[in-house]
Amino acid sequence: MPRPGDGAPRAVTLLPGDGIGPLVTGAVEQVMEAMHAPVYFEKYDVHGDMTTVPAEVLESIRRNKVCLKGGLRTPVGGGVSSLNVQLRKELDLYASLVNCFNMVGVPTRHENVDIVVIRENTEGEYAGLEHEVVPGVVESLKVITKFCSERIAKYAFEYAYLNNRKKVTAVHKANIMKLADGLFLESCRNIATKYPGIKYNEIIVDNCCMQLVSKPEQFDVMVTPNLYGNLVANTAAGIAGGTGIMPGGNVGQGHAIFEQGASAGNVGTEKQVAQNKANPVALLLSSAMMLRHLQFPSFADRLETPSSGSTQEVTDAVIAALD
Amino acid sequence: MARRSLPLLRQLLRSPKPRESPPSAQSRRSVTYMPRPGDGAPRAVTLIPGDGIGPLVTAAVEQVMAAMRAPVFFEKYEVHGDMAAVPREVMESIRRNKVCIKGGLATPVGGGVSSLNVQLRKELDLYASLVYCFNLPGLPTRHENVDIVVIRENTEGEYAGLEHEVVPGVVESLKVITKFCSERIAKYAFEYAYLNNRKKVTAVHKANIMKLADGLFLESCREIATKYPGIKYDEIIVDNCCMQLVSKPEQFDVMVTPNLYGNLVANTAAGIAGGASFMPGGNVGQEHAIFEQGASAGNVGSRKLVEEKKANPVALLLSSAMMLRHLQFPSFADRLEMAVKRVVAEGRCRTMDLGGDATIQEVVEAIVAALH
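So the sequence lines, in the order shown, correspond to chains A and B. Under UniProt numbering, the residues of the first sequence are numbered 1 to 323, in order. Under UniProt numbering, the residues of the second sequence are numbered 1 to 372, in order.
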């Protein structure tokens, strides 16, 4: 039973991004229009080789609180720091979520995959603190704090609680990085005691990778620090059918940015751009998550999964399947 | 002299004797070599049974070696993961023999004891860790055409072990990358590819985020690549790499990585090829070599595996075959590998990790019976 005024259209910041980004965000716009969904987009052009995210873009996201984006291509090597990471840090989007699951009609080698990877998004190996001690010797700092570890663990258990999930697995390498990952584990264990109804266990990250590719059905919700989360999410997305179809997003206390879940290939190749053959499913499913976030569940439900084809064909198929 | 050795050289180059990769299951070596007198003298090898299923699988190796009457004898030493340091006599033994074979050492999680596995590698400067992941006929997997060698830097990177608590609740962990170590691991990778007739080396990195550290690693790889124009070289970001591994593993050949990514990539590759308990590997440095189960996951095993004696010895047996080649005993290595592959192909190695019930003794006996 909606409250009066709930149907008022919401503004959402839209960042097409680089590579296949504009193609897939274009697909989302088309589908939203076809559904007459109560959202309208404020589009901004951001490219991975800009030095920082433009101030007007940040203001827009702060105002709208919700953003949908394509991939931003980060140059490899020295120079520009990643805009994806910048966005997450500025808005303190401390949790990155990727939902990897077998979709009907997508052939995979692994069955029974239903994994949610929740990854700490602001610290760890991505602190960006590196320096060259002497020529030819570089130190890179990995920072782990109790504060960030606790809040990501809390988010993971809360997610499991709200979504009727049975188990949370912490991924770590505390046998080698005893203090850093040890602190992460301690925080997870503390939070676990507050959720007695949810099972909690721990797994070392190398064993985790192997278990993911041999018995993925044993995993439910996984909570990880930054780097392992990146790798585990991409592996899980790969076994479930590919990162082109897995939804996800980044969320913080005040804001949320939805994008293709796992980061591999979210900018795509030139061939994909030239032939218009990018896969919009991941972003479409993420936009469904966004609709739920905005409290429009029935619109979210109406979005369905099409099979493969060119971007336009897929979009048309989705639109056709909407009713 | 050159004219006489040219045809021999040509033959060798055409069908190189690979050090690490096993020959096809059915072919017999057609070119025998002429040993020097005294080559058959038994060599001493340090043996560390280790923890958990370690003693079971190393015992399997001892049994098979004895059955083959291989010219090796083992100097056994007890080392456990919860010791503070590797005992000095063990280090001396390895330094003397130059070759060691070991089971897994269980490293306690959390503060306190530092990993003995890592200690061994650092003390002996075993800077390259090698895992060979390939589809074994008879081993059911979801992925075909897997033939990947993961070469991982073994001494620095995230495993520098330099951590400290800045203030309570804030920890810094240092990841150290140096040009020296990056260059030598890249050199080892290309040399390996060259000697084993491999076509491509892929560097795995995350230099879009860790620009200086992984940037330095990449630079070193690129420099070394120019010295091997016959071998293709490319680079892949580690998250994309993980996804490609599980969707199209056939694109990878030799992979060179820093320490942490190498650990994860090796275990993932081992997993898709059939499981870490089948894949051989070892750690090698300028002077010494330690052979063990390739990828580290599960090399200590669970209590159930130990009690019911159902550990899988294939990884360590294949690693001991690598060791025999390293010691210049190729025909023994060939016999061992063929026997192991025959047993796996005939499905007589259905240990617990394959969902079966065989005990390790049954598997070893099958392998011994398959030796000619």
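Note that these hints are calculated values from the structure, not bench results. We put the CB at the ideal spot given by N, CA and C, even for glycine. Hints are supplied without guarantee of correctness; some may be wrong.
Cross-link-like lysine-lysine pairs, in silico, BS3-like; alpha carbons within 27 Å at most [as the list claims (entries may be wrong)]:
#1 A/Lys215 to B/Lys248
#2 A/Lys146 to A/Lys199
#3 A/Lys215 to B/Lys76
#4 A/Lys199 to B/Lys200
#5 B/Lys304 to A/Lys167
#6 B/Lys232 to B/Lys76
#7 B/Lys304 to B/Lys227
#8 A/Lys167 to A/Lys194
#9 A/Lys166 to B/Lys304
#10 A/Lys89 to A/Lys166
#11 B/Lys232 to B/Lys200
#12 A/Lys166 to A/Lys194
#13 B/Lys187 to B/Lys199
#14 B/Lys304 to A/Lys215
Which bits of chain B does chain A cover? Going by a derived footprint, with three or more residues having C-beta under 8 Å, they are [to be verified]:
#15 60–72
#16 155–162
#17 172–183
#18 208–221
#19 239–246
Computed, partial: chain A to chain B, Cβ under 7 Å [said to hold, decoys possible]:
#20 Val104
#21 Arg109
#22 Gly136
#23 Ile176
#24 Ile198
Do the hints match the structure? See the list:
A distance of roughly 18 Å separates the Cα atoms of lysine 215 of chain A and lysine 248 of chain B; the hinted pair therefore holds under the 27 Å criterion. With a C-alpha separation of about 22 Å, the suggested pair lysine 146 of chain A and lysine 199 of chain A falls inside the 27 Å cut-off, and the hint holds. Distance hint between lysine 215 of chain A and lysine 76 of chain B is unfulfilled; the C-alpha atoms sit about 36 Å from each other, more than 27 Å. Pair hint lysine 199 of chain A plus lysine 200 of chain B does not hold up; C-alpha atoms about 44 Å apart against a cutoff of 27 Å.
With a C-alpha separation of about 23 Å, the suggested pair lysine 304 of chain B and lysine 167 of chain A falls inside the 27 Å cut-off, and the hint holds. Distance check on the hinted pair: lysine 232 of chain B and lysine 76 of chain B sit about 43 Å apart at the alpha-carbon level, beyond 27 Å; violated. Annotation: proposed proximity of lysine 304 of chain B to lysine 227 of chain B is violated, straight-line Cα distance about 50 Å (limit 27 Å). The straight-line distance between the Cα atoms of lysine 167 of chain A and lysine 194 of chain A is roughly 14 Å, inside the 27 Å bound, and the hint therefore holds.
Of the supplied pair hints, the one linking lysine 166 of chain A and lysine 304 of chain B holds, its CA atoms being roughly 25 Å apart against a limit of 27 Å. The straight-line distance between the Cα atoms of lysine 89 of chain A and lysine 166 of chain A is roughly 30 Å, outside the 27 Å bound, and the hint therefore fails. A threshold of 27 Å between alpha carbons decides the hint, and for lysine 232 of chain B with lysine 200 of chain B the separation of about 5 Å falls inside it, so the pair holds. Restraint check for lysine 166 of chain A and lysine 194 of chain A: satisfied, since their Cα atoms lie roughly 14 Å apart, inside the 27 Å limit.
With a C-alpha separation of about 15 Å, the suggested pair lysine 187 of chain B and lysine 199 of chain B falls inside the 27 Å cut-off, and the hint holds. As the CA atoms of lysine 304 of chain B and lysine 215 of chain A are separated by approximately 19 Å, the hinted pair is consistent with the 27 Å bound. A stretch counts as covered by a chain when three or more of its residues have a beta carbon under 8 Å from one of that chain; for the stretch 60–72 of chain B and chain A the count is 0, and the coverage is violated. Remark: the stretch 155–162 of chain B is confirmed as covered by chain A, as 3 of its residues place a Cβ nearer than 8 Å to a Cβ of that chain, reaching the required three.
Given as covered by chain A, the stretch 172–183 of chain B passes the check, having 9 residues with a CB less than 8 Å from a CB of that chain where 3 are the minimum. For a cut-off of 8 Å, the count of residues in the stretch 208–221 of chain B with a CB near a CB of chain A stands at 9, and the three-residue condition holds. Residues of the stretch 239–246 of chain B with a Cβ under 8 Å from some Cβ of chain A number 7, which satisfies the need for three, so the listed coverage holds. Taking 7 Å as the C-beta contact cut-off toward chain B, the hint placing valine 104 of chain A at the interface is violated, the least distance being around 19 Å.
Residue-level restraint check for arginine 109 of chain A holds (minimum Cβ-Cβ distance to chain B is 4 Å; threshold 7 Å). Look at glycine 136 of chain A: its Cβ gets to within about 3 Å of chain B, closer than 7 Å, so that hint holds up. The interface hint given for isoleucine 176 of chain A holds, since its Cβ lies 6 Å from the closest Cβ of chain B, which is under the 7 Å cut-off. Taking 7 Å as the C-beta cut-off, the interface hint given for isoleucine 198 of chain A is violated, the closest approach to chain B being about 21 Å.
The structure shown violates the earlier hints numbered 3, 4, 6, 7, 10, 15, 20 and 24.
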